Amino acid sequence: MASNADAQAQPAGTTLMAAGAVMAAIGAISFAIALWSGDAQIAWEAYLVNLLYFLGIAQGGVVASAAFYLTQAKWGGSTPYRLAEAFAPFLWIGFILFFGLYFGRAGIFPWVLHPIAQKAAWLNTPFLFARDGIGLGLMALTSFAFIRVSRSEEARTWAVAGEEIDLPPHAIRFWAPIVAVLYAIIYSLIAFDLVMSLAPVWRSSLFGWFFFAGAFWSAVVAMALTAVVLRGRLGKENVFTNPVFMHDLGKMVFAFSVFWVYLLFAQYIVIWYGDIPVETFFIVQRVHHMPWSPLSIACVLLIFVVPFTVLMSVRAKQTPAVLGGVAMFGLIGMWLERYVLVVPSLSRDALPLGLTQLLITVGFLGAFIVCAVPGINLTARAALSGEAIGGGE
Amino acid sequence: MAARGAQTGLLYRSMNTVTIIGSFSGEGECARAVRAVRTARIDDFHTFSPFPSHKIAAAIELPKSPSRWVALVGGIAGILTGLAVTIGTTYEWRLNAGGKPLVSWPPFIVITFELMILLGGISGFLAFLFMSGVPAFESASGYNSHFGEDRFGLVVRCTKEDADGVESMLKTAGAEEVVRGV
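Listed in order, the protein sequences are those of chains C and X. Using the working numbering, read the first sequence as starting at 265 and increasing by one per residue. Using the working numbering, read the second sequence as starting at 876 and increasing by one per residue.
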């Protein structure tokens, strides 16, 4: 009986970790082959897209946990916190991989080979890698300081005490706002440096916000998908079988999907009204030109139209297959969104997707899975601990 | 906030009935009492709470309010109004703004969206007022001013034979005070 319970608490075991490691190896080998065989441009583009995407999920999750504390969320005991923090170890991988961009800088940043005189003080290689490296490092350190207190017994006790109205522990109240504010600042910086500077004459002050709100949403859908998968693997009695819990997760997916499209439209309409060529070219290329136009439409469908229409009813949010399906499509949509933001600036008419990109993506996914395994096991333990399972009252 | 249970009406008028008023310090206890009363198949009751309580509403299993549909119709009417106003006025007063198409959807979306929210919200609110019987000039039976401050109330109307059973039910569920009225 005890061994059975242990097996249930370790849903993501060595098999998954090994699979992730193999995937990561496949990705690394494909990346190396692409560099050697002259597909370096494609390889570096895929590297940047995946770095932004998976880093966004990992960091967005930590911010989601901080946001739960800031709103004093007790809707699922400690499980939502463990779930949101599960992907965090990838922050260190992402921090290291970021410096890999240094070797591909000539292909990625147009201003390396063709410096723009007016912007040279900001857009130059040493300063960019210094400020973004420090930013990502600071973000990872802060995130782990926060997670350490979040996983303490004191914080857990607070999250589980549903009827109490006490504030979270003092250390949490110190770290959670820092994580949230730093995220807004540093991920705006990342958006400006690693995405906007690929089209160095284009500018939008709203872009950073749009970028990190999207990353936050990708973390929320990753949480929803993980919850649906764990629900099936943890047996009858776990938090994820509680319809109230799934309803709350579904509400998060719904709400931040609307927030994403709100920021998209807020940005679009200002550029549309102004109609200044230096601003419109970025949109025109992605929305009206082949081959990017169908991809952009697919993003809006997968990130906004599908979640909004499908998850409108309570019953849909509580049906794991529906919520999981929407989350799955949302993750694909968010990947496409990052792709459409990055690649058209570099390869104007390239064939959008190929085997190289796919294998590099598999590699990043593998590394991400390896990083997520311990956190997912912690989540499973919280989900099985019996907190917030009832939900009738 | 007064929430009514399914009233049988027949019992309400009968002379052989008594009113039992339970006062609770928490919504959870009140919801538990509601569930106990419903399990005993007594359907003539209503509750008071200082704020709208999801727990009590879930215990009563109130049917969903039709005001949702009124809000939907209002919202759709808002969309149609928004489109009619924007497209209609553009055709009525043809202005070429910066060489853009006459009927340009991006700014129209804003107006259409706002009108959808406005009419949907107003119609939902009016439907809520109508459905909830506001304004009410007479307070429902068993009302006590504490139920508007920090106490939850459950008022049960039942036959004299059931009265003792109901009283003990309310006490078991955690009532602070149980009063018998006429």
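Mixed in with the good hints there might be a few duds.
[Said to hold, decoys possible] Straight line, CA to CA, 25 Å or less: simulated DSS-like cross-link-like pairs of lysine-lysine:
id: 1; chain 1: C; residue 1: K338; chain 2: C; residue 2: K515
id: 2; chain 1: X; residue 1: K1035; chain 2: X; residue 2: K1046
id: 3; chain 1: C; residue 1: K500; chain 2: C; residue 2: K515
id: 4; chain 1: X; residue 1: K930; chain 2: C; residue 2: K338
id: 5; chain 1: X; residue 1: K939; chain 2: C; residue 2: K515
id: 6; chain 1: C; residue 1: K383; chain 2: C; residue 2: K500
id: 7; chain 1: X; residue 1: K1046; chain 2: C; residue 2: K515
id: 8; chain 1: X; residue 1: K1046; chain 2: X; residue 2: K930
[What the hints assert, rightly or not] Listed next, with one range per pair, are the computed distances between beta-carbon atoms:
id: 9; chain 1: C; residue 1: F391; chain 2: X; residue 2: L955; range: 53 to 59 Å
id: 10; chain 1: C; residue 1: F438; chain 2: X; residue 2: T914; range: 43 to 49 Å
id: 11; chain 1: X; residue 1: G1008; chain 2: C; residue 2: I561; range: 44 to 50 Å
id: 12; chain 1: X; residue 1: G973; chain 2: C; residue 2: P390; range: 40 to 46 Å
id: 13; chain 1: X; residue 1: E989; chain 2: C; residue 2: P390; range: 57 to 63 Å
id: 14; chain 1: X; residue 1: I984; chain 2: C; residue 2: G496; range: 47 to 53 Å
id: 15; chain 1: X; residue 1: L955; chain 2: C; residue 2: I449; range: 49 to 55 Å
id: 16; chain 1: X; residue 1: F983; chain 2: C; residue 2: H552; range: 31 to 37 Å
id: 17; chain 1: X; residue 1: L955; chain 2: C; residue 2: K515; range: 34 to 40 Å
id: 18; chain 1: X; residue 1: A933; chain 2: C; residue 2: Q274; range: 55 to 61 Å
id: 19; chain 1: X; residue 1: G973; chain 2: C; residue 2: F572; range: 27 to 33 Å
No lab work stands behind these hints, which were simulated from the structure alone. Computed from a predicted structure; not experimentally measured. We treat Cβ as the ideally placed atom computed from N, Cα and C, and that holds for glycine.
Against the structure, the hints:
1. K338(C) - K515(C): This hinted pair holds, its Cα atoms lying about 15 Å apart.
2. K1035(X) - K1046(X): OK: K1035(X) and K1046(X) at ~17 Å, within 25 Å.
3. K500(C) - K515(C): holds, 23 Å
4. K930(X) - K338(C): holds, 16 Å
5. K939(X) - K515(C): Between K939(X) and K515(C) the Cα gap is close to 19 Å, so the pair holds against 25 Å.
6. K383(C) - K500(C): violated, 59 Å
7. K1046(X) - K515(C): violated, 37 Å
8. K1046(X) - K930(X): holds, 19 Å
9. F391(C) - L955(X): 53 to 59 Å: holds, 54 Å
10. F438(C) - T914(X): 43 to 49 Å: holds, 48 Å
11. G1008(X) - I561(C): 44 to 50 Å: holds, 48 Å
12. G973(X) - P390(C): 40 to 46 Å: holds, 42 Å
13. E989(X) - P390(C): 57 to 63 Å: violated, 48 Å
14. I984(X) - G496(C): 47 to 53 Å: violated, 40 Å
15. L955(X) - I449(C): 49 to 55 Å: 43 Å Cβ-Cβ, so the 49 to 55 Å window is violated.
16. F983(X) - H552(C): 31 to 37 Å: Violated, since F983(X) and H552(C) (Cβ atoms, about 19 Å apart) do not stay within the stated range.
17. L955(X) - K515(C): 34 to 40 Å: violated, 29 Å
18. A933(X) - Q274(C): 55 to 61 Å: The hint (55 to 61 Å, Cβ to Cβ) is violated, given that A933(X) and Q274(C) are roughly 35 Å apart.
19. G973(X) - F572(C): 27 to 33 Å: Holds: the Cβ-Cβ distance is about 31 Å, inside 27 to 33 Å.
Hint violations for this structure: numbers 6, 7, 13, 14, 15, 16, 17 and 18, all remaining hints satisfied.
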